[in-house]
Every structure is written in structure tokens, then in C-alpha cells.
Amino acid sequence: MFGWIVLGLVVALAVYAVATYNGLVAGRNQVGNGWKQIDVQLKRRYDLIPNLVEVAKDYMGYEQETLKQVIAARNTAMNAHTPAASGPAEAQLAGALGRFFALAESYPELKANENVRSLMEELTSTENKIAFARQHYNDSVMAQNNRIEQFPSNVVGRLGGFGPHEYFEVPAAETAPIKVSLR
Amino acid sequence: MTGEGRGGLVSTDFEAAARRNRRNTVILIAVMIAIGAVLAYLLGATVESAEGDPRFNPAASGLGLAFALIMIAISLIWTLITMKAGDRIVLALAGAREVDAAAAPQLHNVVEEMAIAAGVPKPRVAIMETEALNAFATGMSRDHVAVAVTRGLLNSLSREELQAVIGHEMGHVLNLDVRYGTAVGVFVGLIVLLSDGILRLGRFGRMGRARGNDKGNGLQIVLVILLIVAAIIAPLAAKLVQMAISRQREYLADATSARLTRNPLALISALEKLGNSTVPYDRANRAIQHLFIVNPFRDFSATAGALMATHPALADRIARLRDLG
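Here the protein sequences come in this chain order: A and B. Mind the numbering: the first sequence is residues 187 to 369 in the working numbering, read in order. Mind the numbering: the second sequence is residues 163 to 487 in the working numbering, read in order.
Accuracy of the hints is not assured; some may be wrong.
For each label pair, taking beta carbons as the anchor points, the in silico distance ranges come out as [what the hints assert, rightly or not]:
(1) B:380 with A:194: 33 to 43 Å
(2) B:192 with A:298: 51 to 61 Å
(3) A:237 with B:236: 52 to 62 Å
Which stretches of chain B does chain A cover? Using the computed rule of at least three CB atoms under 8 Å from a CB of chain A, they are [claimed, not checked]:
(4) 254 to 267
(5) 279 to 291
Calculated from the structure, these hints are not laboratory results. Glycine is no exception: its CB is placed at the ideal position from the N, C-alpha and C atoms.
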């Protein structure tokens, strides 16, 4: 009788351990996949920007400086390969794009152009997708870190070698308000 | 309302909701198959009693059992079809047409944005050609979902409001409300169809008339009455299931929308626009009315809080969203 109880407990424990381990693996893959999703959207942004700048050039004769800044920021961001370098570069690009969008408001012909409108929609959507992909990445990281840190799944996590994941931190420049010059 | 928040804005426990919906879908399909089998048995027994065989036993009618088995087989095939193509059946019932990215670029973009935020594959996108303001999602799993919106919605909502509405639909996808709702819609339709057929048979066929004056006569009348009562009650029961779809789901989907977009104000203004529109969408089939973000038939401002409504009053939903902000 006692033997059966012990056996039952061992089996229950093993089932729990396997289920938890598999859950942790699925969570880790979800976090990894979330990070890749961000990259996919960033790549799309790099592809869209030259097209938009090309079309906008004809309308925004006086704003060459802004357009140059957008292109320069895009190239820097594209060539930043380490996470440490890409954070500030991405922030700069987002800032330059923000200024471009703000300026575009004062060019009615630019906004009326069908081509520009669809490019703007694509770029707006891509900006959103980047933000949502980061948000989802952070949500996945939180769920996974909770499992790794909470008892009793943390025991399985420790034994399986699951480490906590890092959150995506918003670069400081992106949280700073955009300076608007009225002149 | 920043893009990257760490904590959830509100507690939106999809996994518990999704588990409930998986379980409820299984129960629902089992009950619907049982109702169908009982109806078919009664029909078979009534037909057999009309033959006037003195050894006829209503509790073990051969024809009744045969009918019941056929009905169960039909229901199982129907279940398989629902699993495979439930979303397409519902789109057809709603009069929604699938569109590609070239035909509706912004709608496709917004749907993809919300799918990314929710971490699910991008649903298929459909449009209902009407000035009414409405939207729904349907599908039997998170990987095979379609989202449909009306043309009027696309025309009168801003990009952010559209995003909030799609976020609400994505909430139904995450909670698997879409699975339960699609199953209810498709099976309510089947039961209504079957009962309709039986009642029509009774009206025009010979089933209700006794032939000759055998001993089975009294028994036969009882069976006919039973059958007719069952054929009237079954669709009512199916409708009750549809109405009992918890209104809690709408609140949870609203909260999920706010969690995904981090922008409850956009959903509030979208719901206000939906509430101010007076155009009904009567091309929708009543079997799927519970799937819509606002009821396509009823006047949702006044009596929507009543017991039988499939949707909570918009004012309640807006009040709850304001509490989040």
C-alpha cells in the first residue's frame, strides 16, 4: 500500500516536471520568435524609407536637411549590428521620421499624392508593428520570467538551465519629447 | 499610453477564458448532437407507428433508432465541416466578402498590427458592403480566423478607432470566444433547420393523420404531439444557448483591446460612434448575431441590458473602459 502511494507521488511529480519543462521550452521559443518579429519589421522600415524620401524630394524642396537626416539615420541604424549600437541608432531614426511626419503636415500637395499617401500608411503601420512587436516581446519575457522565478516551476527552470530574459528597454531619446522649431 | 509597458494594463486572463471556451464547445456540440438524435428518433418512431403494427413498441422503434443513427452521422460530418470551414460558413452567413491587401491596405495593416500585438498569425480579412457600423471575428482555432468589418465602419472610424475595434476582435480570438461562438452559430443553424423540416412535414405530410383505426392510434397521437412539442422546443433551447453566451465576454474583449493598443480612449470613441449609428445590418443571419461587436438587429441603446440580449449596453461597456483609463 505504502509503495503504491510513493509510486503515485513519483509519477505525479514526473508528469508535472515534464509538463513544466515543455512549457518553459515553449516560452523560451516564444521569446526568441518575438525578438525575430521585431527584426522583420525593422528590415521593412529600412526598405520603405528610401522610397518615401525619393517621392517626397520633389515636394519638399526646402526641407532637404530633414530628408538627409532621415536617410543618414536609416543608414546608421541599418549598419548597427550590436544591440548596444542599434538602440541609439534606432532612436535617432524614429526621431528623424517623427520630424519628417510633422513637416509633411504642412505640404498639402505632398499629402494629396496617392503614392505618398500609401507610402506614409505603410510606414505608419510599420512603426506601429515595431512598437507592437516590442510590446509583445516584453509581454512574453514577463510571462517566461515569472515562470522561471516563481515556485515551484523555478526548480524545473533551474535544473533545465533556463535563464531570465532581458526586457526591451525604450531608448532614452525615444521617450524625450520631440523638439519642434517654429521658425 | 506608451508603446512598451511592462505590466499588463488590466488583468486579462485569456488562458482561463480559452480553457472555458474549449470545454464549452465540446459540451455544446455533444448536447446539440443529442438533441438532434432525440428529434430524429421521435420522427422515426412516429412514422413507424403510422404503419399500425400491433407489436410496435415506442421505446424501441427500429426506424427511430435508424433515424437517430443517421442524424448522429450527419452531425458528426457537420462537426468535421465546422472544424475545417466554420469561419467560411459564418462569413457566408454574414454576407462578408474576403478582400486582399491591395483592395484594403489600411485594414490589412491594422489587422496585422493587432495580430503582432497579440502574438497570433494574421487572420484573414473580409468586408461587409453596408453603411451599418459593425465587426466580428470567427474561426475554430487561433490559427484559422477571419475578421470582418462593414464598409461603413471603414469610412467613419479613424485609424486609431479602427485599431481599437480590431483589437477587440483579437481579444475574442485570444480568448477562443471565436471557437465557441462559431460552433453555436453553425449548430443553432442546424437544429433550427431540422426542427423547421419536421414541423413542415407535420403540416403538409401524412404523418399527422392516422390511417385506419388500429390500436396504435392513441399511441400515435401521443408520439405526434411529442414530436411537435420537441420540434418547437429544440430551436428555442438552441436560441437560449446563443443568448446565454456570457456578456462578460464583451467586457473581457474590450479590456483586451485596451491591453493590446494601450489606448482605451480610442475604443471608447469607436463604441460611441457605433452606438450613434442607427443603420441596422439585416442581411446578417440571426444564427450568428452573437458574434458581432454590437448587435446588428437590436436597438442597442435602450433595451440591450435586458436578460435576453446577446450584448451588454454600450453605456456599461464605455463606463468600464473609462475605469481603466
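Open item on the list: Taking the earlier hints as the rules, which of them does this structure contradict?
Closed with: Violated: hints 1, 4.
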